[in-house]
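Using the sequences and the hints, build the whole thing.
Quick mapping for you: the protein sequence lines, in order, are chains A and B. The first sequence begins at 1 in our numbering and counts up by one. The second sequence begins at 340 in our numbering and counts up by one.
By construction, these hints were calculated from the structure, which means they are not laboratory data. Please note that a few of the clues may not be correct.
Using 20 Å as the maximum straight-line C-alpha spacing, the simulated SDA-like pairs for lysine to any residue come out as follows [claimed, not checked]:
hint, chain 1, residue 1, chain 2, residue 2
1, B, Lys579, B, Pro592
2, A, Lys121, A, Ala225
3, B, Lys466, A, Ala186
4, B, Lys377, B, Asp569
5, A, Lys121, B, Asp459
6, B, Lys466, A, Gly26
7, B, Lys578, B, Asn387
8, B, Lys480, A, Arg200
9, B, Lys596, B, Met565
10, B, Lys466, A, Ile193
11, B, Lys578, B, Asn591
12, B, Lys482, A, Arg200
13, B, Lys480, B, Trp469
14, B, Lys466, A, Phe194
15, B, Lys466, A, Leu25
16, A, Lys121, B, Pro421
17, A, Lys121, B, Pro420
18, B, Lys466, A, Ser30
19, B, Lys377, B, Arg356
20, B, Lys520, B, Ser415
21, B, Lys466, A, Leu189
22, B, Lys466, A, Ala190
23, B, Lys466, A, Thr27
24, B, Lys466, A, Arg200
25, B, Lys520, B, Asn396
26, A, Lys147, A, Ile260
27, B, Lys466, A, Asn197
Computed from the model, here is a short list of chain A residues facing chain B with C-beta under 7 Å [stated by the list, open to error]:
hint, residue
28, Phe194
29, Asn197
30, Leu198
31, Arg202
32, Ser203
33, Arg205
34, Met208
35, Ala209
36, Asp212
37, Asn213
38, Ala216
39, Met220
40, Asp223
Ideal Cβ positions, reconstructed from N, Cα and C, are used throughout, including at glycine.
Take a look at the letters that make up each chain.
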Amino acid sequence: MSAAEEVVAEGHEAVEAVPKRAMTLGTGTSLVVVVLLLIVPLFTKNFIIFQMTMLLIYGLAVLALNILTGGSGQFSLGQSAFYAIGAYISAVLMEQFNVNYALTLPISGVLCFGVGFLFGKPALRLSGVYLALATFALATAMPQLLKLNFLEQWTGGVQGLVVTKPDAPFGLKMSQDMWLYYFTLAVTLAIYIFSVNLLRSRSGRAFMAIRDNEIAASAMGVDVALYKTLAFGISAGITGVAGGLGAIAVQFVAPDSYTITLAISLFLGMVVGGVGWLPGSFVGAAFIIFVPNIAESISKGLSGAVFGVLLFLVIFLVPHGARQIAIVGQQLIGKLRKT
Amino acid sequence: MTQAQLAQGTAPLLAVRDVSVVFGGIVALNGVTFDMHKGQILGLIGPNGAGKTTLFNCLSRLYQPSSGDILMEGVSILSRPPHRIAEIGIGRTFQNVALFPNLSVMDNVRVGTHARTSSDIISDSLKLAWVRRSEASVNRKAKELLAYLDLEDVAHTVVAGLPFGTQKRVELARALAADPKILLLDEPAGGLNHEEVHVLGDLIRRIRDDRHMTVLLVEHHMGLVMSIADHVVALNFGKKLAEGTPAQVQANPDVIKAYLGSKDQ
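Structure, rendered in structure tokens:
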């Protein structure tokens, strides 16, 4: 059993006492979170709104990895590649072909689904750390592939592409940042709801059955190869949409923005958020966006070391990530209600 | 007269025809032939290494026989991949229980309905009306099975922490969720104590009677096989040694020799 599989298994054991909806948040908590997400930007500066937008975008990318690893039990250190493809497709369509930014996202999603599905086919023969290595190779190759000469007329080569930030439509009096935030929030909520539905459905059960026991899943009629590749496709598709949103928010795409570091950050975000716990994806995203800044404010020269120490603390104190905190919180509330 | 004897005249539900399996130079199964009739509990016995599990794995399509054929209702199953066995009505349990440990009891049983339902990722994500209807019937079915096997109290418990005996019942419920015509049980008595084996025997018989199931029981535990099987096939060194009623097989000198060793050894 590999390390992350253990994380998955242990995480679920910890959930034992909690009702089966534990993969998501309760209705009440969800409503509070959504209301907060809707209201907070009205009272904050543009820079904070931009950071919240990035949190949602990275949260989507971590969510996509969570479906793959927490759901179907497959590893990926190559999510940055799908993110890059999504970002470039959106950027190229917007800047070279004048396609509306909102329309580029479904195109990025569908094309990345295809790439992920096809990549999943040969990857079927690999599992555990070997699969992680294969996806690692994809992530390493991607920045160089984006610099290829014959693509340069569209991609802008090493220079990358500048993307125009969209204005708020319908004459809304709203800053570009705020509009983009609400647009991203709508896309994120939609994808989050679809993902929750998916994991609770027949397909989602097939993913989790494969994660837990492939032979038994197959004896129950689950086409293991099909569902494994589908999980790769779905994960890549959502990551592609996140990449597209990221390109629009950052207003710039360049090959070196999408290196293996991004893939590792996303992996880190998943572990910190709790493998298999979808809301944790956004907590994990907050960790990978804000904790490096916090580390830098503690010590400029040793920010990397401080980040490492903070990461160690998280691993030792809450090995199952944000999900563990949520479960403890839920139990406390339960106890308070009883007394 | 047993149901099996009544069914003798009709075509077999499952026919194993001259099946041989060779691994490298080792002959694991050598020309094994027998029939299973509707409503029968067929016990497949034999000492360690006799080929029971090999035959079982051929039936569940994990192994491909080197020669011979296996027919389900007259049609060969050998061109089917393992995941397309459940849909023709062959359900199975595993030797040391192979549940989905991180899923709840209910979800384990729901996975059991996979072969009998259909869906696609888009309809599932959007929770379309037909998906909701299909899920409702899956839930009804799962609840019915949990009640039938007395698992309602643990319905939402994660399987990993449950006692072994309970896990075996969950596995039976999961196999039954696919509405199999034949239930393949791989050493169901393994790891159970005397009392539990007795209860299991009653349960298997009850499942056969209530749900009109045909059961293939691959088993080490002679007591269990002899008390509930209608028909017994004994294997040794990959060959069929004897076949008949439990009493006939028990009295067969070759079977006694295989199990106890001959006098002159």
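Exercise for the section: Could you tell me which of the hints above the structure violates, numbers in ascending order? Expected result: The structure breaks none of the hints.
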